[in-house]
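I would like the entire structure built from these sequences, with the hints used as guidance.
Next come the chains, spelled out residue by residue.
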Amino acid sequence: MKVHPGHEITSLQYIFLLTGVQVGVAVLSLPRKLAETAGTDGWISILVWWLVSMLASLIIVQIMKNSPRGSLPDWAAEVLGVWAGKTIALLLTLYFCVLLYDGLTKSVLITKTWLLPNTPAYVITVLLLLPTYMIARHGPRIVGRYCELIVYLSLWIPLVYLLPLKQAHFIHLLPVVKDGWQPILTGAKEMIYPTLGMAATFVLYPYLKHKEKATAAVIASSSLTMLTYLFMTLICLVYYSPDEIAEYNNPVISVLKSIEFRFIERIEVPFIAFYLTIFSLVWIPTMYLATFCSSWLFARKDIRGQLQILCILIALATYFYTPTLYQNLMMEKILIGFGLSVEYIFPLILLSFIVLYNRLRRRNC
Amino acid sequence: MKQRLLSALTIVVLVCLTTTTSCQDQLNLEDASTPLAIGLDLNEDNQFEFYTSTPIFSKNIKKKSLEISGTARTLRQSRALQNAQSPGSAQGRNYQVLLVGKRILQHEDWITMLDIIFRDARNTVTDRVIAVEGSVSEIMLLNPPDQPMLPILLRGMINTSSGSSETVSTTAQELRRQYYEKGMTPSISQVKVKDNSVLVTGTTLLHKGGKFAASLGYQESILLNILQNNARSGVSLSYAIPGKPQTGPFHTDMISFTAQKLATKIKTSYKRSRFQFDIKLKIAAALTEILFPLTIQQDYKKLEPIIAEQVKLQTEAMLKKFQSHKIDPVGFGLNARAYQYQQYKKVQDHWTDAIADASFHVTVEFTINSIGPIK
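Order-wise, the sequence lines are chains W and E. With my numbering as the guide, the letters of the first sequence map in order to residues 1 to 365. With my numbering as the guide, the letters of the second sequence map in order to residues 1 to 375.
Treat the hints as calculated values from the structure; they're not laboratory data. Nothing here was measured: the structure is a model prediction, and the numbers come from that model. Every residue gets a Cβ at the ideal spot worked out from N, C-alpha and C, and that includes glycine. Among the hints, a few may not be true.
Claimed, not checked - Only pairs whose alpha carbons sit at most 30 angstroms apart, straight line, appear in this in silico DSSO-like list of lysine-lysine:
1. E/Lys-271 with W/Lys-166
2. W/Lys-166 with E/Lys-345
3. E/Lys-345 with E/Lys-211
4. W/Lys-166 with E/Lys-265
5. E/Lys-192 with W/Lys-178
6. W/Lys-189 with E/Lys-346
7. E/Lys-192 with E/Lys-64
As the list claims (entries may be wrong) - Okay, the calculated bits of chain W under chain E, using three or more residues with CB under 8 angstroms as the criterion:
8. 123-135
9. 243-250
10. 257-267
11. 311-321
12. 327-336
Here you go:
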């Protein structure tokens, strides 16, 4: 599928899209996971994994430089044959579907815990899928614009997170590197899940308006992601006692409960309602990406048909079966394995293959 | 055409879905009954008792609040009894204060009874936890005609008292932190009923498990807040100056000051197999009351170290009290963890024993900033 004019996305949209898919729902539980393994030094793990994820996203961009006018399946079909293209398209479809389903069920579970405990999950799912369909069907440019808009609308959120600092104990962070580097490096593996989403480049690269800025854009996006994580994790670490933080499933939400205003009680309620838009930065782009890949697989020009099928399938699936909290955690584990192979290992192998292939071809010429 | 039909169909399906199934979370305000205070106590047979106080919004009813009580095994289980006695469905979403009776504080681990407050995401966690000297029923059923509703009265009293540091302001969330934090012990506000009126009497200090340990008066509470670096400028302390004459029934040897600048520095070290905390208090104050004759221009240089000595003595006495009860409401454990981590790690599970064994060195630096408009 070649790129049509009028579908290009700007660098800024690309940055926000990648960051949105990564941050989305993953940020909520991150401080707890880091505290469980690395204690109050968890924030250093973020910095460690920052380098790794930046390297991985640079590798992905390096791969896509070979295919400026088509997505990864296009490139594979051209160079390795149709079946290689189809395999990669199927792999990416599956991967984006898992990412999408995980993000969506997490959002539904959070909505159910905090806002609507008695409403059936499928009603919430259907209500969330409607705007998803309306945005995703318009293609990358509208999805990109949506991400940009939501990021601008959420710029005030960090300010609110400064309020709990009144009860903060910065002394929790001392001493830095408490128990040596071992727990910090172990904690870094918790960062795999929150960095998933870089694979979007495989599809979005040909749509970039300024491809020469792609490298700078992925560096900016991974830095933005890490800054967000660092900020939220530090707030939670200084607010909660190190002996207690592991008790909260989603410390990023729980920390809001302590904020008191004269005019509103339970401030976390409007927050979670607003957070749904941020969570949507996970499933709206991945929904587009998944249907893009599946349309490629079935050689359809228009993604709309695939999108409708996917939406109806998800709605039906949640009607008959809603994952419980533990099943969702299981799914997260599967996703971590899947994501590690698709976003970290697979690109590395692919890049070494491309380098070898190019060298061989040059020699043959 | 087909597109329009499809979107119309979607809208119809959605409307049906939301109206038929999702009303389960709906609660009309007139059907809700929102207690503003909850009290926990034990009766003579050590059975768990709960009390709630709900405001009544009605013109024709003279009494503005409804008190509900009963015995139950847990707080969640008490919901049925609450519903049975109130006009609407009882909601735990607006508690302002959480009262804990004296009999509860004689037992350990009562804080686990509060699990519902944290586990049900819809409950507030900013309710102030208050210890009652006496029974909760006494205070809940008091209803003096000349005072505002109990929850509002209590919350107001705690807010103003803790604003001037005369008690602590421990929310349920904060209590949970102090309970789980290994390096400190909890402290909560304390009230009692005296001559048919409610008054704040200072701070209740709890053992690590939540059992009652000791009480602090107003001035000691201020010092506790100063040590925790929680006290804001404006706190007022009074001391008797030794050697000054008293005339008649009047304490004419007293001097009072308002702290304008407060700084607490705690230096942590580990010497001779015990922790040592060097506490340095810096107070710059305005004298607000001097009841003995004084020529301030000449005497203030002499007065400063005398007041400093009084502050030091009281602080040291308070620290001794903490040590004899094996409690650490200040949270010296946090300092120990930050600066002597290797040593702290060994004793963190029985930190209160370590604090009883620790040594404290208090130094107070007191400066008089101003003496007011009269000499």
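Hint check:
| no. | hint | in the structure |
| --- | --- | --- |
| 1 | E/Lys-271 with W/Lys-166 | violated, 33 angstroms |
| 2 | W/Lys-166 with E/Lys-345 | holds, 27 angstroms |
| 3 | E/Lys-345 with E/Lys-211 | holds, 25 angstroms |
| 4 | W/Lys-166 with E/Lys-265 | holds, 19 angstroms |
| 5 | E/Lys-192 with W/Lys-178 | violated, 44 angstroms |
| 6 | W/Lys-189 with E/Lys-346 | holds, 28 angstroms |
| 7 | E/Lys-192 with E/Lys-64 | holds, 22 angstroms |
| 8 | 123-135 | holds (count 4) |
| 9 | 243-250 | holds (count 3) |
| 10 | 257-267 | holds (count 5) |
| 11 | 311-321 | violated (count 0) |
| 12 | 327-336 | violated (count 0) |
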